[in-house]
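Trainee: Residue numbers (UniProt numbering), protein chains in the order written: chain A, 1 to 290; chain B, 1 to 261; chain C, 1 to 342.
Where hints are given, some of them may not hold.
[Claimed, not checked] Derived coverage of chain B by chain C (criterion: at least 3 residues anywhere in the stretch with Cβ under 8 Å from a Cβ of chain C; other residues may be distant):
1. 64-74
2. 94-103
3. 109-115
4. 165-178
Keep in mind the hints are simulated off the structure, nothing from the lab.
We treat Cβ as the ideally placed atom computed from N, Cα and C, and that holds for glycine.
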Amino acid sequence: MDQALQHLVNGTVLGGTYALLGIGLTLIFGVMRVVNFTHGELYTFGAYMAYGLVALLHVDFFLSLVLATMLGLALGALIELVLLRPMRKADIDSVMLVMIGAALVLQNAGLWAWGGVAKLVPTPFAGTPLVFGPVSVLPLRLFVLGVAATLLLVFWLLLERTRAGIAMRATFQDAETASLMGVRVGWVHTATFAIGSGLAAAAGALLGPVFMVSPAMGDLVGLKAFAIVILGGLGNLPGAVIGGFALGYVEEFGGGFVSSEYRDAFGFLLIILVLAIRPQGLVALKERVG
Amino acid sequence: MTALLEVEHVAVQIGGLVAVADLSFTVEEGQVVSLIGPNGAGKTTAFNAITGYMRPRQGRIRFRGQDLAGLSPERIAALGLVRSFQRTSIFGPCTVFENARMALHLRGESGLLGALLRLPGMRREEARLREEAFAMLDFVGLTARAEVTADSLAYGEQRRLGIALAAAAAPQLLLLDEPAAGLNPSETAECMALIRQLRDRGTTILLVEHDMAMVMRISDRIVVLNQGRIIADGPPAEIREDPEVIRAYLGTSREVPHAAA
Amino acid sequence: MSAVFGWLFVAAMAAVPVVFPDPYVLSVLTSAGIFIIGAISLNLLLGYTGQLSLGHAAFFGLGAYASALVSLGFDIGIGFGLRLRLDPQPVFVGFLAGIAVAGAFGWLLGRLAFRVRGAYFVVITICFAQVLRMVALNWVELTQGPMALIGIPPASLWLPGQGVVPLYTKPQSFWLVLGVGTLAFLLVRQVVQSRIGRALVALRENETLARSVGIRVTHYLVIATVLSAGIAGAAGSLFAHYVRIIDPDVFLFIYTVTMVIMVITGGKGTLWGPVVGGLIFGLMPDLLRGSAPPEAQWIAYGVLMILLVMFLPRGIVPAVAGLLPARRRPAPAIAAMVEPAP
Numbered sequence: 001m002d003q004a005l006q007h008l009v010n011g012t013v014l015g016g017t018y019a020l021l022g023i024g025l026t027l028i029f030g031v032m033r034v035v036n037f038t039h040g041e042l043y044t045f046g047a048y049m050a051y052g053l054v055a056l057l058h059v060d061f062f063l064s065l066v067l068a069t070m071l072g073l074a075l076g077a078l079i080e081l082v083l084l085r086p087m088r089k090a091d092i093d094s095v096m097l098v099m100i101g102a103a104l105v106l107q108n109a110g111l112w113a114w115g116g117v118a119k120l121v122p123t124p125f126a127g128t129p130l131v132f133g134p135v136s137v138l139p140l141r142l143f144v145l146g147v148a149a150t151l152l153l154v155f156w157l158l159l160e161r162t163r164a165g166i167a168m169r170a171t172f173q174d175a176e177t178a179s180l181m182g183v184r185v186g187w188v189h190t191a192t193f194a195i196g197s198g199l200a201a202a203a204g205a206l207l208g209p210v211f212m213v214s215p216a217m218g219d220l221v222g223l224k225a226f227a228i229v230i231l232g233g234l235g236n237l238p239g240a241v242i243g244g245f246a247l248g249y250v251e252e253f254g255g256g257f258v259s260s261e262y263r264d265a266f267g268f269l270l271i272i273l274v275l276a277i278r279p280q281g282l283v284a285l286k287e288r289v290g
Numbered sequence: 001m002t003a004l005l006e007v008e009h010v011a012v013q014i015g016g017l018v019a020v021a022d023l024s025f026t027v028e029e030g031q032v033v034s035l036i037g038p039n040g041a042g043k044t045t046a047f048n049a050i051t052g053y054m055r056p057r058q059g060r061i062r063f064r065g066q067d068l069a070g071l072s073p074e075r076i077a078a079l080g081l082v083r084s085f086q087r088t089s090i091f092g093p094c095t096v097f098e099n100a101r102m103a104l105h106l107r108g109e110s111g112l113l114g115a116l117l118r119l120p121g122m123r124r125e126e127a128r129l130r131e132e133a134f135a136m137l138d139f140v141g142l143t144a145r146a147e148v149t150a151d152s153l154a155y156g157e158q159r160r161l162g163i164a165l166a167a168a169a170a171p172q173l174l175l176l177d178e179p180a181a182g183l184n185p186s187e188t189a190e191c192m193a194l195i196r197q198l199r200d201r202g203t204t205i206l207l208v209e210h211d212m213a214m215v216m217r218i219s220d221r222i223v224v225l226n227q228g229r230i231i232a233d234g235p236p237a238e239i240r241e242d243p244e245v246i247r248a249y250l251g252t253s254r255e256v257p258h259a260a261a
Numbered sequence: 001m002s003a004v005f006g007w008l009f010v011a012a013m014a015a016v017p018v019v020f021p022d023p024y025v026l027s028v029l030t031s032a033g034i035f036i037i038g039a040i041s042l043n044l045l046l047g048y049t050g051q052l053s054l055g056h057a058a059f060f061g062l063g064a065y066a067s068a069l070v071s072l073g074f075d076i077g078i079g080f081g082l083r084l085r086l087d088p089q090p091v092f093v094g095f096l097a098g099i100a101v102a103g104a105f106g107w108l109l110g111r112l113a114f115r116v117r118g119a120y121f122v123v124i125t126i127c128f129a130q131v132l133r134m135v136a137l138n139w140v141e142l143t144q145g146p147m148a149l150i151g152i153p154p155a156s157l158w159l160p161g162q163g164v165v166p167l168y169t170k171p172q173s174f175w176l177v178l179g180v181g182t183l184a185f186l187l188v189r190q191v192v193q194s195r196i197g198r199a200l201v202a203l204r205e206n207e208t209l210a211r212s213v214g215i216r217v218t219h220y221l222v223i224a225t226v227l228s229a230g231i232a233g234a235a236g237s238l239f240a241h242y243v244r245i246i247d248p249d250v251f252l253f254i255y256t257v258t259m260v261i262m263v264i265t266g267g268k269g270t271l272w273g274p275v276v277g278g279l280i281f282g283l284m285p286d287l288l289r290g291s292a293p294p295e296a297q298w299i300a301y302g303v304l305m306i307l308l309v310m311f312l313p314r315g316i317v318p319a320v321a322g323l324l325p326a327r328r329r330p331a332p333a334i335a336a337m338v339e340p341a342p
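Model the full structure from these sequences, guided by the hints.
Mentor: As structure tokens, then:
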């Protein structure tokens, strides 16, 4: 029972960052109909930026998290302007191939620049866990969960309360009508891709210090982001949050009680199962893709 | 004698909205029957339900006495009930000849083994299908265009090809969804001649069409739909005089059943 | 004309070990050939059915592991105290097992994945390869996990009068790959130029219309997937017995990406596309070797892929074919065939 409680806490911490990843990816799909293969690379990018800023340039840890997120935002905007804007009229498969190409470039550029050895990001947090009764948790992880939750809330407010958010939601619903209503769809796309990328970079910058930073860290994470998004239903924002936590718990409990070796496989098995039984995802979706 | 197609109390909902409320009609063998009604009356939805692209919520559809409930479009086509489409009616990047050969799928039966080993039976079948494809293109007057890609055809030619694709495998019942939409008068006349020829070859036809002049001249019977329900069912002369039909058309548009589009 | 050219190409390739017996050249060509077979199989799905299947490395890896394990033999626990044991089998049995196992998984994936389309389909195929990689990493008793399966015997061939002959030398391996590659090419050609091929193209171009003329969607997509998976399994098996060591990385996404790049570079949905693309991308890494680090090579791949999709979306083969004078059709034959029609 105590163990289950511990897993619940760990799953929540994990789920928070997964939700960040998923929500960026699903936003990009929903607004732009782009299956973003660079998402995992933006995550890696965020982590390396945090590492570079903290460990090499000795920037303050908290400030470097903000800066890493901003850099991710900028890189996302760049990708959108250079690659996606010319591909606006192309079919979804061609865009996927372009994004795979971009992911290859980003990952190997990272490998070239940083080398293959995993890096450790120093943090100002104590290495001793906080103990609450039967449950113990590292302060850093608690901080990560707090930031993830804050970011999700900020994102939600942005979408609900700002003009940009309204334009984004309108494009999400129906791009054609939105453009007739005066929404500048091109800039909405840039903003969407930048924000989605920024969230991925933030997730990377947050989890980089928890684990290690390595060039291939985005591979699995990128795929997991797909898993999260599929679980929640492609293009479904609340679904992505639910999917993120679902994957976090499945991995934690599956890894804890079934088999720790197959920890990472549970998510993928879950997707295959979900798609086989309920192709539209766990959370009902208004439209079908394809 | 039993009807070729029997539609009984069929209801279809799309996203919670009632598209077809209660539809019952029959199509007798050898006839040309038209399904007409104002826009949004549920005609295309009825086609989708009959050909397996949508599941009716209620009711029963029988073709040659067989219940079609739960059958996929491809199974229904194999039974001899094929439809044409309003828009997506050709395989664009392929040549006209290739289009014809693809549409003759049901006229062949060779499988993997035949394909791999090129057995004599398979070769004979391929030769026969090639001939049938040319015969079909000849039938719709596209022989000279056999080697161009379908999407480079003129609009009227594309529509004819669309009908040819649906008629290719010689179905017993052919559902045509607005075959004359967007055609000029001479093309419409050609289209009408084509439908008559198909009927004379023994194909029963169920037609959805907005061109009332054409519908009146070509149909043996007309079924009028409005807001998902049937409001009239009878021969053209009767429908022309039906007060409720006139009201339905005047109520939604200025199109009167006499006028051509 | 195309057939004559094709056989000339095979003959020229077959002559390489004789006129140019450089072991390095042969080993480069052999591994390029293995990936070309993979690309040929992927093209059946990607090019002819139009389904962007991004889990293709799964079939390659399954073929490799199945073939290696059957020829090495294994003895594993399967729960309830039971054990499953297989003595080492001749390599050609492993080869067939590789094809069969990959094909069977192709059937399974086809049944599951074709319930969805578009992005969902892509993600399900990627996940499929990932799950297999996890299994290969963690089922150590069977696969040795990250320690890799080593000591895989080389390919062998049964020859009349000589019995089973192991293929140790570079020319032998090369000829074997060339032979299997030619068979794979012919197999795909036979299928594509048949009623099945027409059904696949019809589904690719317009699924709704294809169904309306009676083409059974799942049936034909599953046929294509099983064939494609089987051929990829054969390529994986050749790979296993050629490099003679297999680790879970054969399931990596990057292998799928390599095959995808080959197919779209050459021209998806064309018979020669994967061969042309495969030759380019199979030989390029070795031409670049020494002059640039592998990262730079992958960056070049990525950039090339982006440029191709943007500026030459149909690939090299159709572009070149478009430059050649149009092949004239025998017009009189058409007239002759039409005449008997009413």
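Trainee: For every hint, state whether the structure bears it out.
Mentor: Each hint, compared with the structure:
| no. | hint | result |
| --- | --- | --- |
| 1 | 64-74 | holds (count 3) |
| 2 | 94-103 | holds (count 5) |
| 3 | 109-115 | holds (count 5) |
| 4 | 165-178 | holds (count 4) |
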